[in-house]
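**Student:** Add chain B to chain A, keeping to what the hints say.
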Amino acid sequence: MATIAHGDHGHHEESFLEKYIFSQDHKMIARQFLFTGIFWSLVGAAMSVLFRLQLGWPNETFPFLETLLGKWAEGGRISNEFYYSLVTMHGTILVFFVLTAGLSGTFANLLIPYQIGARDMASPFMNMLSYWFFLLAGLLMLFSLFLQTGAASGGWTMYPPLSGIRDAKVNAGSMWGTDLWFFSMSMFIVSSLLGGLNYIATILNLRTKGMTMWRLPLPVWALLFTAILGVLAFPPLLSAALLLEFDRIFDTSFYLSDIVVGGNLLDYKGGSPILYQHLFWFLGHPEVYIIILPAFGITSEVLSVNSRKPVFGYKAMVYAIGIIVLLGFLVWAHHMYMSGMNPFLGSIFTLFTLLIAVPSAVKVFNWLTTIWKGNLRLTPAMMFALGFVSLFISGGLTGLFLGNSAIDIPLHDTYFVVAHFHIVMGVAAFFAMFAGVYHWFPKMFGRYINDTLGYVHFYATIISAYAIFIPMHFMLSLPRRYYVFSNYQTFNIFEDVSKFISVFAIISFMAQILFVVNIVYSALKGRKFTSENLNPWGSNTLEWTTPAEHLHGNWPGEIPEVYRWPYDYSTGHGDTDFRPQTEPLQEGEEAH
Amino acid sequence: MSEVSSMSQHSNSRIHPKLFLLYLSFGSMVMLFSAFCSALIVRKGDIRQSWLDTPLPSPFLYSTIIIIISSITIHLAYKFIADKKKFTLYSLLTLFLALVFVYFQWMGWSELQSKNIFLSGNPSGSYIYVISWVHGLHYLGGIVVLTILILKFRKIQIEFGNKMSFNILMQYCHFIGLVWVFLYLFFKFIIYN
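The listed protein sequences correspond, in order, to chains A and B.
Under the working numbering, the first residue of the first sequence is numbered 1, with each subsequent residue one higher.
Under the working numbering, the first residue of the second sequence is numbered 1, with each subsequent residue one higher.
Simulated from the structure, these hints should not be mistaken for lab results.
C-beta atoms are modelled at their ideal positions from N, C-alpha and C, and glycine is treated no differently.
Hints are not guaranteed to be accurate.
To give an idea of the chain B side of the interface with chain A (calculated C-beta under 10 Å), a few residues [to be verified]:
hint : residue
1    : K18
2    : G27
3    : S28
4    : L32
5    : V42
6    : S120
7    : Y127
Here's a subset of chain A near chain B, in silico, CB distances under 7 Å, partners left out [as the list claims (entries may be wrong)]:
hint : residue
8    : A122
9    : L197
10   : I200
11   : A201
12   : L206
13   : T208
14   : K209
15   : V231
16   : L232
17   : P236
18   : F250
19   : T252
20   : S257
21   : G270
22   : S272
23   : L279
The calculated label-pair distances, taken between Cβ atoms and stated as ranges, are [said to hold, decoys possible]:
hint : chain 1 : residue 1 : chain 2 : residue 2 : range
24   : B       : N167      : A       : Y482      : 56 to 62 Å
25   : A       : F329      : B       : W133      : 25 to 31 Å
26   : B       : E159      : A       : L135      : 33 to 39 Å
27   : A       : K373      : B       : K163      : 55 to 61 Å
28   : A       : L351      : B       : G27       : 24 to 30 Å
29   : B       : V100      : A       : D267      : 32 to 38 Å
So here's chain A without its partners, still in its complex pose (with noise of 0.2 Å):
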């Protein structure tokens, strides 16, 4: 153990540019992640609300698309090419842009240094580099958005060999719009690698005097999992896109064999598209979790604190967590049961796939017992919380079916797949995220947040959310790429029900405006938060010990010191229901 100066700038007064733009301080990186992820997540949403007018009236034209959208909407009706981009960006920029980068980006720079007793990240420039990647990632896939042959157009998962080839006959995007899906996601993968190694490095380096590991809040061993995962699943992500676009680029066969287009044969011999499967679902499954265990702390933390009760088996969630880090690593093959793999090898990733339902029935179990015969508070964020236990529930059970071989066969690309997935790694993710906002909103903005509009925004959304997701279970023999589906007689049964899910998610989409809009309004011209009232959730973690107004370094003095776990509610010691980490053992009080 040692004590180490912190950074090696001169003391000087910071300029607009160091303090709101390049600012190497982990509060102001947290809040341009959150500004940037709200910005990516109303730009994948607008995409999900146009494409819902698709799917919902299909044989509609809706002259607005035109002046909106020009050539890729003519008669006021989505181009069919145009739609595969919509759907692929908006898969793309809500997994990578907004639950990744705008969930762990916000949450791991705010929380990490806070909640362990750090005075900043282990390197503040690498935060910082980390940060500005992600921007330009964004960037560079925002401009792909306005080119002329169209945005990248082959699915989220740019499987070759339809995105192997640059040819502009093969689809919209074929050419720039898939480099620079590429190229943005390289830019997002170093972004993701920068940021990962920095978080493990802090957590496991600077903790401050008394905050040994099993002390730690649950939020920051999420987040330490989380990157572990990042840091070792994203490099083959870029092994994978590496070569994807030497075989786009440079002619090479890596994925591509034996392709014709247009009636001619081109000149790829060799090559295998399965092998980039592999690649890519060897990050995109551990990917799932990069999006939920964040979700998961936000959650077991705000639950804890608003249901005034102890977290319910620390360790047991902790372990949990851990057990999902490893099975997370062995079941990606469960993406590719219908790629024509032996039986036998389906059966192993079967095995490792219903086995994580093991630790994730423990963490649901734990959450609802932590709440149990507590002394519930019912904010906007612990309504959110609840939320999110309860989507978890409701989409990992349907899990069950689409992670066992024989049952996903059938139900491989159908609306029950878009539904589970939606609800569990989707929604569920951004309830945690939301209940995070608005738990953490005095510590990032110095005001409260609007509850009202908070309550409403929470029953508009879940009310939403379910309205939309349920009734695509009971759609399960849609496809769930087709464009014009009621073109097929046997399909025209969903006629109504599509309606029905469009108008939810249009009203989805409003929530999250008037969500956006008292973010905006209270982090301008909310109730103060002062330093009267430091803590004003009753919690015991060490944010709540820093002073109301930003300070770069967090505490004035010496960091303070912790004594105990960080979940010592409802105890009996004390004159209040809370005792914060820094609280020294009272005589009689024994350590959890």
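**Tutor:** Frame of chain A, contents of chain B only:
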């Protein structure tokens, strides 16, 4: 960063955080090259697709020997970091060997071309190009930092921060050297035997 500079920070580790960051980044680099190597194994084993036997270029053997020697010289440079004369000698020798390594890699790629094995041919040859290029890019990063540190250390007295920078570079070079030795053995005895 202004306020932070003079504030103390508790550390839980005897390893400097930046060195620790380097060790963590080795994990990512291992995963990157593991992905390439496993792709190569899978591709070679896929009997449905053609695989042409490709001879491993002979200059790669010399580059492997050179990279091992350069690892020793950079270690000596670090050992004698307080002795400006010896430090300069060994660090310049390391830089020279690094450039020789790049030269032999280049010769290896030329030999492949002289045998009509091009980047866009059968994947058996393409993998050699791409994997050795990706390794080469990592190695070039090391060369750039080494050059910067040699120029910087000419003018200043070495103190803890600079020593740590050179230590980080040395360990990075050892690691990248080890990766190449592994890749060479992997190519030689498993894939292109």
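**Student:** For each hint, tell me whether it holds in the structure or not.
**Tutor:** Verification of the hints:
Hint status for K18(B) relative to chain A: holds, with the closest Cβ pair at about 7 Å, below 10 Å. The beta carbon of G27(B) comes within 6 Å of a beta carbon in chain A, closer than 10 Å, and the hint placing it at the interface holds. Annotation: interface hint on S28(B) holds; nearest CB of chain A at approximately 5 Å, less than 10 Å. Restraint check, L32(B) versus chain A: the minimum CB separation of about 4 Å is within 10 Å; hint holds.
Checking V42(B) against chain A by beta carbon gives a least distance of about 6 Å; that is within 10 Å, so the hint holds. The beta carbon of S120(B) is positioned within 10 Å of a beta carbon in chain A (closest approach about 4 Å), and the interface hint is therefore held. Checking Y127(B) against chain A: minimum C-beta separation of about 8 Å stays under 10 Å; hint holds. Restraint check, A122(A) versus chain B: the minimum CB separation of about 4 Å is within 7 Å; hint holds.
With a cut of 7 Å, the hint placing L197(A) at the interface with chain B holds, because the nearest CB-to-CB distance is about 5 Å. A cut of 7 Å between beta carbons decides the hint on I200(A): the least distance to chain B is about 6 Å, and the hint holds. Interface restraint check: A201(A) against chain B, minimum CB-CB distance 5 Å, threshold 7 Å, status holds. Of the supplied interface hints, the one on L206(A) holds, with its beta-carbon coming within about 6 Å of a beta-carbon of chain B, less than 7 Å.
Given the 7 Å rule on beta carbons, the hint for T208(A) holds: about 5 Å separates it from the nearest Cβ of chain B. A least Cβ separation of about 5 Å between K209(A) and chain B falls short of the 7 Å threshold, and the interface hint therefore holds. Given hint, V231(A) at the interface with chain B, holds; its Cβ is 5 Å from that chain's nearest Cβ, closer than 7 Å. Of the supplied interface hints, the one on L232(A) holds, with its beta-carbon coming within about 5 Å of a beta-carbon of chain B, less than 7 Å.
Hint status for P236(A) relative to chain B: holds, with the closest Cβ pair at about 4 Å, below 7 Å. Against a cut-off of 7 Å between C-beta atoms, the interface hint on F250(A) holds, since the closest Cβ of chain B lies about 6 Å away. For T252(A), the suggested interface contact is upheld, since its CB lies about 4 Å from the closest CB of chain B, less than 7 Å. For S257(A), the interface hint holds, the least distance from its beta-carbon to any beta-carbon of chain B being 6 Å, beneath 7 Å.
The beta carbon of G270(A) comes within 5 Å of a beta carbon in chain B, closer than 7 Å, and the hint placing it at the interface holds. For S272(A), the suggested interface contact is upheld, since its CB lies about 5 Å from the closest CB of chain B, less than 7 Å. Evaluation of the L279(A) hint against chain B yields a held restraint, the C-beta minimum of about 6 Å falling below 7 Å. Between N167(B) and Y482(A) the CB atoms are about 59 Å apart, so this pair conforms to the stated range of 56 to 62 Å.
Range check, F329(A) to W133(B): Cβ separation about 27 Å, and the 25 to 31 Å hint holds. Between E159(B) and L135(A) the Cβ separation comes to about 35 Å, which falls inside the hinted range of 33 to 39 Å. Separated by about 58 Å at the C-beta atoms, K373(A) and K163(B) satisfy the suggested range of 55 to 61 Å. At roughly 27 Å, the beta carbons of L351(A) and G27(B) sit within the given window of 24 to 30 Å.
Hint check: V100(B) to D267(A), Cβ distance near 37 Å, so the stated range 32 to 38 Å holds.
Taken one by one, the earlier hints all hold for this structure without exception.
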